[in-house]
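Asker: What follows is each chain in one-letter form.
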Amino acid sequence: MSPLMNEQELLHRLGELPREIQPARDPWPEISARMDEAGSGVQVGHSSRNWWLGAAAASVFLAFFVGVLMRPVWDSGPLPSVGPTGENPLAVNVGTAPGLVNIVDAEYLAAFREFINVGGSRDSLTPQTIEKIEMGWADLRQAETDLTTALQQNPDDAFLSQKMLELRARQLGFLKQLVQLDRNNRRMTT
Amino acid sequence: MASREAKIANPDEDAILVAGARKGDRVAFEKLYRRHRDRIYGLMWRLCGGQAALAEDLLQEAFIRAWTKLDSFRGESRFGTWLHRLSANVALSERRTRVRRMSRETALLEPVERVAIGAKDVFAGQRMDLEHAIACLPERARTVLVLYDIEGYTHAEIADLAGMAVGSSKAQLHRARKLVREELDK
Numbered sequence: 002m003s004p005l006m007n008e009q010e011l012l013h014r015l016g017e018l019p020r021e022i023q024p025a026r027d028p029w030p031e032i033s034a035r036m037d038e039a040g041s042g043v044q045v046g047h048s049s050r051n052w053w054l055g056a057a058a059a060s061v062f063l064a065f066f067v068g069v070l071m072r073p074v075w076d077s078g079p080l081p082s083v084g085p086t087g088e089n090p091l092a093v094n095v096g097t098a099p100g101l102v103n104i105v106d107a108e109y110l111a112a113f114r115e116f117i118n119v120g121g122s123r124d125s126l127t128p129q130t131i132e133k134i135e136m137g138w139a140d141l142r143q144a145e146t147d148l149t150t151a152l153q154q155n156p157d158d159a160f161l162s163q164k165m166l167e168l169r170a171r172q173l174g175f176l177k178q179l180v181q182l183d184r185n186n187r188r189m190t191t
Numbered sequence: 049m050a051s052r053e054a055k056i057a058n059p060d061e062d063a064i065l066v067a068g069a070r071k072g073d074r075v076a077f078e079k080l081y082r083r084h085r086d087r088i089y090g091l092m093w094r095l096c097g098g099q100a101a102l103a104e105d106l107l108q109e110a111f112i113r114a115w116t117k118l119d120s121f122r123g124e125s126r127f128g129t130w131l132h133r134l135s136a137n138v139a140l141s142e143r144r145t146r147v148r149r150m151s152r153e154t155a156l157l158e159p160v161e162r163v164a165i166g167a168k169d170v171f172a173g174q175r176m177d178l179e180h181a182i183a184c185l186p187e188r189a190r191t192v193l194v195l196y197d198i199e200g201y202t203h204a205e206i207a208d209l210a211g212m213a214v215g216s217s218k219a220q221l222h223r224a225r226k227l228v229r230e231e232l233d234k
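Keeping their order, the protein sequence lines are chains A and B.
Quick note, the working numbering runs 1 ahead of the 1-based positions in the first sequence.
Quick note, the working numbering runs 48 ahead of the 1-based positions in the second sequence.
Don't take every hint at face value.
Chain B stretches covered by chain A per the calculated footprint, using a threshold of three residues with CB under 8 Å from any CB of chain A [stated by the list, open to error]: (1) 112-126; (2) 191-205; (3) 224-231.
Hints are computed from structural coordinates only; laboratory data are not their basis.
The C-beta atom is built at its ideal place from N, Cα and C for all residues, glycine as well.
Using the sequences and the hints given, assemble the complete structure.
Answerer: So this is what it looks like as structure tokens:
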């Protein structure tokens with residue numbers, strides 16, 4: 002390179018530099034894998050790899066199903082409140098059954114929407130944490146299945162109805178913990 | 049920037065692929081990736097001062113960002129222009145964060161990169177001297193020189209992307225050119 006190079010010569014050389022550079026390794030496989038997890042602004046279908054979505058969708062379906070199933074039970078008479086305070090929406094007097102159903106479903110749906118976002122951060126969780134989450138969720142799902150079956154056989158059982166409401170509260174709490182876990186995780190990784 | 053953009057990809061073909069990708073067609077998006085990968089990697093590689101691993105990381109991030117934001121592409125500009133600007137934004141906003149998380153490349157301008165750039169070029173040696181001089185620039189100076197002198201951005205565009213005043217962009221460019229010439233004259 003000439004020591005006498007002026008600015009015009011520099012600009013000429015800069016202009017000759019290739020704009021395209023081939024990376025040593027093609028990162029498409031990683032990009033493709035991350036596309037599944039990133040979600041998108043495009044109209045893509047559901048990913049079969051997203052186990053969170055399947056589990057949450059099934060739970061929401063069950064929530065509606067049980068809500069419809071239990072409506073006659075709730076409509077039949079008042080039940081004792083669920084939580085220790087009257088502020089808990091789940092502790093509303095069951096005499097207002099239709100409103101309660103809506104509250105439960107709305108809150109469950111809101112938690113579900115946030116829950117979906119958590120699935121995108123699965124890779125950033127430790128295997129131990131994922132195992133605990135999966136086991137905790139599986140336990141709740143099993144309890145839900147058992148209670149649903151019992152309620153189908155004894156639809157007028159106030160105790161079972163009470164337990165179902167308590168289970169809903171636990172499921173909501175579980176989902177909210179997942180969301181908080183996700184938020185903490187994002188804070189730590191950014 | 050647009051005039052240089054036209055060299056790399058037929059915008060009509062891009063528009064067809066974008067339409068497919070917006071409907072969730074991953075094959076169409078992969079074709080877009082193949083058409084623009086080297087252009088975006090070249091941008092990332094230079095903005096990162098020749099750190100190949102970091103550039104590759106940012107390349108991935110740029111295309112993931114493009115996939116997730118494809119609905120925000122209105123077709124008012126060419127896809128290549130939109131993608132290039134999005135990628136520059138990714139590079140400038142995430143470069144420092146990722147540098148902290150990644151182990152630093154052992155050396156600038158690895159041999160594999162030299163091959164990639166200069167295999168068909170009889171002036172490869174001179175070019176690598178110039179690339180090395182650019183890589184040695186301070187970050188902000190390098191950013192402005194790469195975007196203005198190589199990629200064809202305006203000072204206003206650079207100021208917007210890099211969060212600096214237009215005057216600062218001009219001053220950084222003057223400084224960058226001076227430093228490059230000094231490095232080449234050594």
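Asker: For the stretch 191-205 of chain B, do at least 3 residues have a Cβ located nearer than 8 Å to some Cβ of chain A?
Answerer: It holds: at least three residues are needed, and the stretch 191-205 of chain B offers 4 whose Cβ sits within less than 8 Å of chain A.
Asker: When I compare C-beta atoms, does the stretch 224-231 of chain B have three or more residues closer than 8 Å to chain A?
Answerer: holds (count 3)
Asker: Quick one: see if chain A covers the stretch 112-126 of chain B, three-plus residues with Cβ-Cβ under 8 Å.
Answerer: holds (count 7)
Hint violations for this structure: none, all hints satisfied.
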